[in-house]
Structures are given as structure tokens and as C-alpha cells.
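If you follow the hints, you should be able to join the two separate chains into one complex; please do so.
Line by line, the protein sequences are chains A and B.
Position one of the first sequence corresponds to residue 1 (the numbering used here), numbered consecutively onward.
Position one of the second sequence corresponds to residue 1001 (the numbering used here), numbered consecutively onward.
Because the hints were derived from the structure by calculation, they are not lab data.
Source: prediction; values computed, not measured.
Incorrect hints may have been included.
What the hints assert, rightly or not - Derived pair list, reagent style DSS-like, types lysine-lysine, alpha-carbon separation capped at 25 Å:
1) A/Lys93 - B/Lys1087
2) B/Lys1079 - A/Lys251
3) A/Lys306 - B/Lys1144
4) B/Lys1065 - A/Lys58
5) B/Lys1079 - A/Lys58
6) B/Lys1105 - A/Lys306
7) B/Lys1065 - B/Lys1105
If you want the building blocks of each chain, they are given just below.
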Amino acid sequence: MSKLVLRRIDRNNEEMLVNFGPQHPSTHGVLNFLVETDGEVMRRAIPDIGYLHRSLEKIGEIVGYPGYMPYTDRIDYLAAMFANEGYAIAVEKLIKVEVPKRAQYLRAISCELNRIASHLVSIGTMATDIGAVTPLVYALREREAINDLIEALCGARLTYNYHRIGGVAFDMPEGWRDKVLHFLERFESLIQEWDRLITWNEIYLKRLGGVAVITREQAIDYGLVGPNLRGSGVDWDVRRDVPYGAYPDFKFDVPVGRGWAGTVGDAFDRYYVRVLEMAQSCRIARQALEKLPDGETMAKVPRRIKPEAGEVMSRVESARGELAYYVVSDGTERAYRVRARTGSFLAMGIIEDISSGLMIADLIALIASLDVVAPETDR
Amino acid sequence: MTTNEIHERLRAQFGDAVGPLSEPKVDPFATVQAARIVEVCRWLKDTPGVEIDFCEDLTAVDWPKRNAIEIVYHLFSYKHRHGIVLKVEADRAKPVVPTLEGVWKAANWMEREVYDLFGVTFSGHPDLRRVMLPDDWVGHPLRKDYQEAGGFHGIPNLRENPLVELRRLDEVRLAEEAKRNPPPPPPAPAAPKAPAAAPPAASGGGAPPAPQNPPPAPKA
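Looking at chain B on its own, in the form it has when it is part of the complex (with noise of 0.2 Å):
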């Protein structure tokens, strides 16, 4: 069956709680009414010809933009080899979705992703803890709007520049070096000068960069 065959029967089986097919550029998508979506799923998997027996991702997106964050579902059949992509979506305030544990178990630990990473608590999952994040984190980090803390138990998250340090340090011994060996006194402008005239004369009096930079101008 081609997406677009599961998604009309799953049109005329639930009328209006199934959304229509999108069309974006590449994968199309439909969404769900999130009050629905277990019994979506549940006839999904349990309705013959379709049997959709994986649940091959389930993660979210934030959109602030649109005060929601959407659920997305790819859903597979390996007997059939057809799938389709469910969204629900849900407030971004207090986002609560059903959890489809019960219809495939693979849902539960993707299901504690979400919930660790996006902050969206599944009602009625059996085993709801952060997966990733120690349990004490606070916020939810692929939120669009998540800021760090600056830091977890007094472990700084933040350092300098090694860079800044670095240079600091490079100071420290050239101003020691200077203390060491002092700049020789009078005759030492003099010495300087004429190595410092030279180089310029050297790289001025070079032949090759000189009708090498003619060329271009006329033809600018």
C-alpha cells in the first residue's frame, strides 16, 4: 500500500482526527489529533493488509514560533513494507501527549528521549525518567529556547580562552626575558634600523611581485 492509500483509510476510519496528507518537498506527513493517536496506532498495527509492526523513530520538533512542539511518529510495516508519518502536536507550555508503550514497546524508551531532551510528558508511560540527563538537570536542551545553566553541581561549563591564557603566559616570559637581557643601550637603534630598511627594500626590489601587479589593472 502507498502512504497515500493508508492514509485514506485511516481517513475513513476516523474522519477528522486524522489531519490531511502534507505536501512538502519530500516526505509527506499527516497529522493527528493527540487525544486520538493510540487508537490511530492501535488500528495501524492491528488492522489487517496494513499491520504496522515498527515504530522506526519517534522524536519531536520544537517550533516557538507556533507555541507547539510536534510529535513526529515514522511508523513501518515489515511485512508489508509500507510506512507513514503521524505529527501530533502539542502546547508548548504544558505539552502532554499518550504514550504509545502499549502499542509498541520501542515507543518506550524514544518516548523517555522526548521526554528528557524536549520536556514532554507522555501520560499513562510506565517508566517516565530522564534517559541522558542526570535526573536533577534542569531544562530540556533541543527546546529552541533552552539557555545552560552555566554549570551542573559547581562544574563549570564555562572556561577561559585557552587562547587568553595562552597569550597571558607568552607576555609573562617575553617581559622576563626583557628583564634578563636588557636592550643594548645607544648604538642598538642604529643596528635595528638597517635591518628593518632592508627587508622592505627586499621584498620591494623583488622583480617577480612588481610586473605581476601590472597586469591586472589594465584589464580591472
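For reference, chain A alone in the conformation it holds in the complex (with noise of 0.2 Å):
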């Protein structure tokens, strides 16, 4: 990076090479920016990325097959439950193991009670960021009591390590099924007020609304996945489409942007599309513990995985989007190869081409809309 800095300085005009970032609040994590701009309005800004990575992927290849779960939740430290499940169903492709139904469905509600707290940071970072900085105290107040359900649940609050290869690590405490159940209840009146509270808000509609907009051919041709995909009007969830786990036994809609604030795929879409999907992620918890099979929560998985030699590809829904495994086996207890491909590194490529013309203000909604994280951009 540094030699194209010192390039585009050498070229003696109007344009200015500013840095933005590595260490900017609003760019959620570090990540850096250079940004080319004429004044207020960018000619690009070229994102740059790696400051968190730990090669987990190289990672994957020492440890063993079991070994490798808690690393995953470093991948994304806001949604570490899917990180884990996604590489949980890859293994058991792998050594061919069923997942318990009970384990299913409290991998089911541990995923979207972490669905709604990632969601929460997501939009209230979001808030924050183009200037309304009440949102965000809300937002964490019930984020707060997420972590404490899944701390009751797993013992811990952040990197949760609860999904294990052919279940789950612990069955749920007692007494904790009702108190998800009067936190949900008391959760989808809050949506509303969140609506209330900012959603509506005349300056956060038209600072949002018709910015940035991704069309649909463009989110698909730049892999964009979940809520950003969803945002730009393409119909397509992982958990409905290509069901995994306790998925197909629940009822739930998916929310797709409908250009609510002007145009289809503008930052206010990708917006909307989060909060609608806390909704559903309430839909869905409260089927799976009303449904909550008795039983296992653990198949039988020998002591030593030694899968025999073969690929396999895990898909699962994240808050972030489609979180794909893929893990190559040699048959040795430790994989060949494990990537995941998360949705934040894409995102972060379509960046570059959209920000052109933008104003450097709505480079900021561009980010904090596409809910990159950066440990999951750099892994």
C-alpha cells in the first residue's frame, strides 16, 4: 500500500489521497480506506484490508477435526454461533453423523438469538454512525440480555464455543426455555418502538434512502449474500432454500428490500431488511422451543474423527450472509484443508466500484450498511 500512496501523491493535482482509517470509529473494527476525492466527493476509496489476520485457515490444518471449534468463533466475533455450526455440518458431512433433533433445535435458537444480538449491533452501530447516537444504548440494552440467555445457555458471552461436532455442548438449563420466552415476548413489542425510535425518522430517511444502491445484477455478480443481498430484492435465504439442520420444520418469511425509502438496494433496504429479520428470528425461536424435541443432544462421535478422504462444502445462513465451509479431508484426524468463505470479504470488494461519485459522508453509510466486520473480512 504504501508505493500507491506515495503514486498518487507524485501526481501533483486537485485530488486529495486521504486515509480513513485504520483506527475509525465508523469503520467497525480496522480496516483502512484510501480515499481519492475531489473535494467532498470521492473519485474511489480502495479498501485495505489484513490487519486481523490470524490465518485460521492455516490454523484448521494443525489442529484436529475437534480442536478447530473454538477457533471458529474468531472468524466473527458478533455471530460465532454460525461460524461454529457451519464448520460442526461440514465435519459431520464428512464422517456422515446425525445430528440429534434436540440438538438440532437448540442450534436452531441459539443461532437466532445470536442472529438477533448481531443484527442489534449491526443497525445500532448503523444509527451511530450517521448521527443519532440513542439508538445504539437500546440496541446494546438488549443485546445485553441476549448474551446473558446464551452465557445461561453456554457459559459464555461472546466466543460461545457451543456447537460441537454431532450436537450441541450442553442441553438447556432449566428455567432458561421461559426466560427466552419472556424475552422474546417483550422483544417484538421493541421492534416496533425501534421503528418508532429511528426507523422512521424524516433525517435518517432521506440520509439513507436512494445512497449507495446496489442493483440487483450488481449484488450477485459481487457474491454479496444475506441481508445485502436480500436488501437489493434478490429472494434468497439459505435456511428456506437449501435447509439445514431444524430449519425446514419452522415457518418464517423473509424479509427482501422493497425500496422502502426510494430506490431497491440503497443503504435504507439493507437497513430495513435487518430489522425485519429480528422479527423472524423471534418467529423462528419461539416454534423451535415450542417444539423442543426430548432427547440426545449429542450423536455418537468417535473418540478419533478420522474422515476418509473427500470434500464437502457446509453452507449455513449467518447474520452476515451465507457462511460457506469448504474442508478437505486426506483421512487423517487433521483436515488438509479448511476455508470458510464469509461474507464480509466479498462485500468488501464491491466497495470500491460503488463509492465512486459518493459524497465521503455516505461512505459511511455504504460501510456501516454492509455490515462488514472486520475479523471476518481478514479471518
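Rendered as C-alpha cells:
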């Protein structure tokens, strides 16, 4: 990057080259943008990532199959359940283990709670980035409640390490079901409160509506996934369309961007899809709790996991979209290759092309609406 | 369309440039000649009825034993909900593969990642720079024979086991304590002996362990 900077400055023209980040609060973690700007209007913003690169894929080749589970938490610290689940599903496919029903339901419940928590951070920080500071406090209050619930379930508030190859680590504690139901009841009314608090605020609408529009074709071409893809009007959800785990048993809608603030695929659509998704997550969690079957929480998994040689791809719908694990086995106790295809990494790829012609202030709206999380881009 | 049908159509169109569908344990894949991968992918994207619009994943696997790097493409169609896995093999010493950036934009960053971590050059790529690691990093970490350089610009990545240092500090502390309170002279040896003798007597005389031991012995 250093060479790039020097070359641009030598050109001696009216443009300015500004480093945006790596410690800027609205970059949500550590990432840097080289912003080429002519006054307030950007030529383009070039993302520079890698500050949090920990070579998690290499670690997957060094530790054994069960030993990699805690590392998957670190792929995305805001939505660690999904990273757990994706890896567990991939290895289960390799060793052909059927997960007990109860474990699948517990996975769904924990994941949906985690999705709400992750979306709360996303929309809360988005409001803060745009200039409304208060909503973040409300969002974090609710997230704390979810953190408490998940802590009661698995003992951790951030890096859960809850899912196991073949099931989940613990059954739910006594009284947990009622606590979750109580929370869901309260939270569903809070989503409406949230709409009154910020969503339909005039300034907020004007600030996000029609900004950083990503068309349907662009979204697919650049490989956007999850809420970013649905915000652009693509009706696709892995939970519904390539179902895994317990999801075929639940009824839920998939919110799709409708151009609520003007244009389909603008920053507001990506924001509001997340708000609507939280309500659907509540629905799924409630159904799962009501239908929760009895039985084991762990399948019989051999102590030493030694799959046959082969390769497998698993997909889960993470809070940041489709999270795909590609695991190659060579018949030993360690994976030959572990690859995590994350949503944020591809979302970074679109920023350079979308940012051209935007105002610098709108770059913040773009980053916030794409919900990129630095550890997930860098891994 | 199932993967098999897509593969049959590919074979009909491109002949031997597309290899047979593998029969592995889980997900099948087809190997494609490196020179024709762009052509094949463009056909997959543009042909009505196939229309694979999403490059879901693009990564690589290093196989030093076969002296090859496999580039793996996971392709998927949102419209028809079908997909196929393609692979391209490149020479390990000088891996060069044509870029798919012109077919799917998503390939841009994923190819940069493969370039960074595996050292595969994608010919025709518009912006082939390292993405995760610094520009002047030496080596490609996800290759199987990668050796850590032992630091970067004078910043070491190795350090002594902290336990070694803690043990050293413990020894220093104990030595200082011993210096401050020298061990009591002659009567001391007699005194420690009595308590030292007592614990074994206590543990040995403890009734529970003794009866526990005999039962396993007959069983064995």
C-alpha cells in the first residue's frame, strides 16, 4: 500500500488522498480505506484489509477436527454461533453423522438469538454512524439480555464454542425456556418501538434513501450474500432454499428489499431488511422452543475423528449472509484444508466500485449498511 | 438441473476439456483444462437453462505430492438453484491460471486472496495485489511447505515460552528468600523428618485407599 500512496501524491493535481481508518470509529474494527477525493466527492475508496489476519485457515490444518471449533468463534465475533454451526455441519457431512433432533433445535434457537444480537449491533452502530447516538444504547441493552441468555446456555458471552461435531455441548439449563420466551415477548414489541425511535425518522430516511444503490445484478455479480443480497431485492435465504438442521420445520418469511425509502437496493433497504429479520428470528426461536423435542443432545461421534478422504462444502445463513465452509480431508485426523468463505470479505470487494461519485459522509453509510466486520474479512 | 446434467451438457459442448465427474464420498467435481476455464465459465453463465450467476467460492488446495495446486470453483445459479464444482490444476512451481474476473466480479477479491496466500498468478487480473498480507511479505502461507521467516521487519514472531521465564523468576525469588531467612541450623533436620514421615503414614494408614486396591486385583 505504501507504494500506491506515493505514486498518487506525485501526480500533483487537485485530488486529495485521505487515509480513512484504520482506527476510525465507523470502520467497525480495524480496516483502512484509501479515499481518493476531489473535495467532498470521492473518486473512489480503496479498501485495505488484513489488519486482523490470523491465518485461521492454516490453523485448521494444524489442529484436529474437534480442536478447531474454538477457533471458528474468532472468524466472526459478533455471530460466533454460525461459524460454529457451519464447521460442525461440514465435518458431520464428512463423517456421516446424523445430529439428534433436540440438538438441531437447540442449534436453531442459539443461532437465532445470536442473529438478533448481531443485527442489533449492526443497526445500532449504523444509526450512530449516521449521527443518531441514542438508538445504539437501546440496541446494546437488548443485546445484553441476549448475552445473558446465551451465557446461561453455554457459559460464554462472545466466543461461544457451543456447537460440537455431532450436536451441542450442553442441554439448556432449567428455566431457560421460560426466560427466552419472556425475552422474545418483550423484544417483539421493542421492534415496533425501534421503528418509532429511528427507522422512520425524517433525517434518517433522507440520509440513507437512495444512497449507495446496489442493483440486483450487481449484488449477484459481486457475490453479496445475506441481508445485503436481500436488500437488493434477491429473494434468497439459505435457511429456506437449501435447508439445513431444523429449519425445514419452521415457518418464517424472508424479508426482501422493497425500496422503502425510494430505490431498491439502497442503504436503507439493507438496514430495514435487518430490522425485519429480527422479527422473523423471534418467530423461529419461538416455534423451536414450542416444538422442542426430547432426547439426546449429542450423536455418537467417535473419539478420534478420522474421516475418509474427500471434500465437502457446507452452507449456513449467518447474520452476515451465507457462510460456507469447504473442508478437504485426506484420511487423517487433521483437515487437509479448511476454508471459510465469509460474507464480509466479498462485501469489501464491491466498495471500490460503488464508492465512485459518493460523498465521503455516504461512504460511512455504505460501510455501515454492508455490515462488514473486520475479523470476518481478514480471518 | 442436477449436477450430472450440467456436466453432461458441458462435456457435449467442450469435449475432453472438461474431465469426468469425480465420484468422491460427498461432493462431486469436474476438472477443467486451465486454458479453457474462462470459456467454460462464460458458457455456464450465458447459456439459457444453465445461467450460473453466482461464483460462490473460489479457493485453492495445495498438493505438494502431486506437484500441483488445485483451484476450486464453487458455482451456483440463483435462478435455477443448481450448481457445479469445477477444478483447475496448475503447476506448483509456476502456477498461472486465467482470471475469471471478467465473468463474475466476485472472483476479483477471491483471486487476490488465492494469489496472496497460495502464490497463484491469475493472468489478466486487473488488480492483482496482496490482500491480507503486507505487499513485501515473503512466501505464501497456505502452501504446505511454507516456512515462517521468523519475523517481519525486525519484529520477531517467536518468543520464549512464558513458563520458562516464570520458572526463572520463581527460582530467583526462592533463592532470595533462602538468603534472607537461612535455614535453621542442626535441630531443623530432625524437625522436618517427623512431619515428613507423618504424611506417608497418614496416607498409607488411610483406610479407604487400602480396601479399594484389593478388589481390582482379583478381577484382573
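Between A/Lys93 and B/Lys1087, does the CA-CA distance stay at or below 25 Å?
Satisfied, since the Cα-Cα distance of roughly 21 Å is no more than 25 Å.
Next pair to validate is B/Lys1105 with A/Lys306; report whether the Cα-Cα distance is within 25 Å.
Violated, because 37 Å separates the two Cα atoms, which is more than 25 Å.
Straight-line Cα separation of B/Lys1079 and A/Lys58 no greater than 25 Å?
35 Å, violated
Verify the proposed pairing of B/Lys1079 with A/Lys251, using a straight-line Cα cut of 25 Å.
23 Å, holds
Keeping to a limit of 25 Å between CA atoms, is the pair of B/Lys1065 and A/Lys58 held or broken?
18 Å, holds
Just to be careful, I want the Cα atoms of B/Lys1065 and B/Lys1105 compared with a cutoff of 25 Å; is the pair within it?
33 Å, violated
Could you grab the alpha-carbon distance between A/Lys306 and B/Lys1144 and see if it respects the 25 Å cut-off?
20 Å, holds
Consistency with the previously given hints fails for numbers 5, 6, 7, ordered from lowest to highest.
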